[in-house]
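Asks: Protein sequence lines, in the order shown, are assigned to chains A and B. First residue of the first sequence? That's 1 in the numbering used here, and the numbers climb one at a time after it. First residue of the second sequence? That's 1 in the numbering used here, and the numbers climb one at a time after it.
Read the hints as simulated data drawn from the structure, not as lab findings. Some hints here could point you the wrong way.
A few chain B residues facing chain A, derived, Cβ under 7 Å [said to hold, decoys possible]:
#1 Gln83
#2 Arg89
#3 Ser98
List of simulated lysine-lysine pairs, DSBU-like, C-alpha gap at most 30 Å [to be verified]:
#4 A:Lys118 with A:Lys160
#5 A:Lys341 with B:Lys135
#6 A:Lys225 with A:Lys160
#7 A:Lys341 with B:Lys66
#8 A:Lys341 with A:Lys330
#9 A:Lys160 with A:Lys98
Stretches of chain B that chain A covers, calculated by requiring three or more beta carbons in the stretch to come under 8 Å of a beta carbon on chain A [stated by the list, open to error]:
#10 71-82
#11 126-140
In this text, a Cβ means the ideal position worked out from N, Cα and C, and glycines have one as well.
The residues making up each chain are set out below.
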Amino acid sequence: MSKSKIILISILLTGSLTTAFAISFLSGVSVIAQNNNNGFSKEEEKTTTKETLVTGGHGTGYNTIRTTGDVLDSLNADERTDLTIDPMKYLREFNYGKVSTTDNGTTLREFTIVAQDKNLEVSPGIFMDAWTFNGTIPGPTIRATEGDLVKIKFINNGSKPHTMHFHGIHQSQMDGVFEIIAPGGVFNYEFTAEPFGLFLYHCHMQPLEEHISKGLYGVYIVDPKTPRAPADEMVMMMNGYDNDFDTENNFYTVNGIPNYYMHHPIQIEKDKLIRVYLVNILEFDQINNFHLHANLFHLYRTGTSLTPNEYTDTVTFSQGERGILEFSYKYPGPYMFHAHKTEFAEKGWTGLFLVKEDQSEPDVTAFSKGENAVYPPEIGNNTFTTQTKTKDSQSTVVSYGEVSQGGS
Amino acid sequence: MESDENRINRNKKKTSRKKMIVIALIPFIVLSGMLVFLLGPGMSILNAGIPLPEITIEKIEFQNDKIVAFIRNTGPEGVEIAQADVNDRMIPAAIEPSKTLARLAEAKVIVPFSWIAGVPYEVGITSSDGTRFSKSVEAAALAPTPNVQQASYFAIIGIYV
Chain A
1 MSKSKIILIS ILLTGSLTTA FAISFLSGVS VIAQNNNNGF SKEEEKTTTK ETLVTGGHGT
61 GYNTIRTTGD VLDSLNADER TDLTIDPMKY LREFNYGKVS TTDNGTTLRE FTIVAQDKNL
121 EVSPGIFMDA WTFNGTIPGP TIRATEGDLV KIKFINNGSK PHTMHFHGIH QSQMDGVFEI
181 IAPGGVFNYE FTAEPFGLFL YHCHMQPLEE HISKGLYGVY IVDPKTPRAP ADEMVMMMNG
241 YDNDFDTENN FYTVNGIPNY YMHHPIQIEK DKLIRVYLVN ILEFDQINNF HLHANLFHLY
301 RTGTSLTPNE YTDTVTFSQG ERGILEFSYK YPGPYMFHAH KTEFAEKGWT GLFLVKEDQS
361 EPDVTAFSKG ENAVYPPEIG NNTFTTQTKT KDSQSTVVSY GEVSQGGS
Chain B
1 MESDENRINR NKKKTSRKKM IVIALIPFIV LSGMLVFLLG PGMSILNAGI PLPEITIEKI
61 EFQNDKIVAF IRNTGPEGVE IAQADVNDRM IPAAIEPSKT LARLAEAKVI VPFSWIAGVP
121 YEVGITSSDG TRFSKSVEAA ALAPTPNVQQ ASYFAIIGIY V
């Protein structure tokens with residue numbers, strides 16, 4: 001054999017060996033990746049009948065993916081196992097107390113508030129050791145009329161000393177600052193509801209940041225003697241949760257659960273007057289705010305006047321500030337409301353109003369998962385929520401408001 | 001009269017008995033010393049504290065309209081993953097095979113995301129107790145995927161080498 005032939009054969013051999021090695025190496029990587037990454041071999045994957053479709057956040061441009069695993073999505077679904085915090089119930093729940101009349105004809109309203117430690121699911125899958133008034137966050141909304149006598153029996157069943165500090169006009173010893181209620185202790189707060197307006201109550205024990213951020217707060221409303229115009233009234237308490245104790249909030253919410261009203265929109269009627277009692281208790285951050293989409297509202301700062309201060313679509317509050325918002329929607333459809341501090345919005349402080357033409361429209365209490373999902377007609381069958389689809393269905397690329405079909 | 005030899009033997013016996021007692025006492029002395037140390041300055045050895053969760057994000061891949069994070073539970077106990085985020089903003093994601101991770105188990109977190117090439121990103125994973133673990137990437141770049149073209153490149157390189 002000539003020298004040149006030997007060289008040619010060795011080049012060819014090296015080339016084919018390298019090709020074989022490269023192909024086997026690359027296919028090996030893909031098989032390893034398959035096994036390592038999702039735990040399903042190719043065979044197993046074929047037999048999987050159900051997969052879940054995951055959609056990106058609201059707005060345009062996000063694609064969808066299918067998964068054989070679990071879905072982590074608090075934006076589009078409420079997968080909580082502990083439903084103690086109930087933003088829908090809290091929204092329109094006003095507590096007027098046990099009502100009676102004193103000898104001099106004054107209306108007496110009696111409430112019982114119990115402080116207790118509780119482990120609560122504050123966002124889907126995330127649990128926090130909270131301190132609560134009556135077992136949930138925020139505490140109950142207390143409502144009275146100007147001039148009423150308010151009596152609150154406060155029982156501290158928590159593990160730490162607590163107090164109840166009410167905003168409003170009252171005597172020093174009823175201010176919930178100097179009378180510290182030890183665990184197991186009871187204190188009776190008593191004061192006249194004055195002036196009319198929107199107030200709050202919270203624990204005033206030190207360290208204040210800890211006692212407030214762990215959940216000890218609630219809304220206190222004093223109505224004027226001549227009632228405000230009839231309206232669909234609701235309470236919105238803006239708060240946050242610092243789950244990793246770094247004095248920064250991990251979650252921002254309105255009424256206790258991040259993104260809750262995105263998948264449980266607040267249903268309201270077109271042209272009907274809506275009145276929102278909006279309070280900011282957010283700890284750690286300097287400000288918080290509220291922005292209403294496709295509309296403007298009349299703002300009554302602190303609710304202490306019957307004349308609005310502003311006609312606007314955004315309001316910013318520091319901690320403890322609050323205001324009454326009045327508006328009505330001219331057109332039906334879903335409308336967002338959220339913090340216009342977008343960081344807070346993207347960490348849970350977002351929600352939807354679903355404006356219905358009239359009451360005859362079907363009641364939509366939640367965007368549910370799966371093929372039987374209920375969607376309001378205005379939203380249409382886009383993937384506002386996670387959906388369950390079979391593997392053989394076509395992949396779907398979805399943007400807000402329209403559905404287009406891509407390749408399989 | 002006792003012989004010198006006997007006296008020496010008796011003394012030897014006495015010494016060996018003393019030695020035996022001293023040797024027998026040594027473990028008790030060491031034990032009491034250890035007890036004093038462990039209940040005093042060495043208390044921290046006994047007090048192991050609360051086992052904290054630990055999730056390691058081992059690798060982040062940028063694929064077409066997707067960010068994929070490979071995570072492992074490197075903590076002392078099993079954990080449940082509750083949330084994923086990109087740049088500390090919560091975002092829907094899929095986790096395969098499961099959101100429940102036993103000790104040392106691994107999972108793939110897939111986030112539908114229109115990422116921009118060359119831009120830094122941070123991917124975060126939050127466990128059920130609210131603790132967030134994150135990993136940063138200085139500049140996003142499309143992850144190479146094995147395909148025929150790549151194989152042929154390797155082959156060509158192989159031939160020339």
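Asks: Need the list of violated hint numbers for this structure, in ascending order.
Replies: 6
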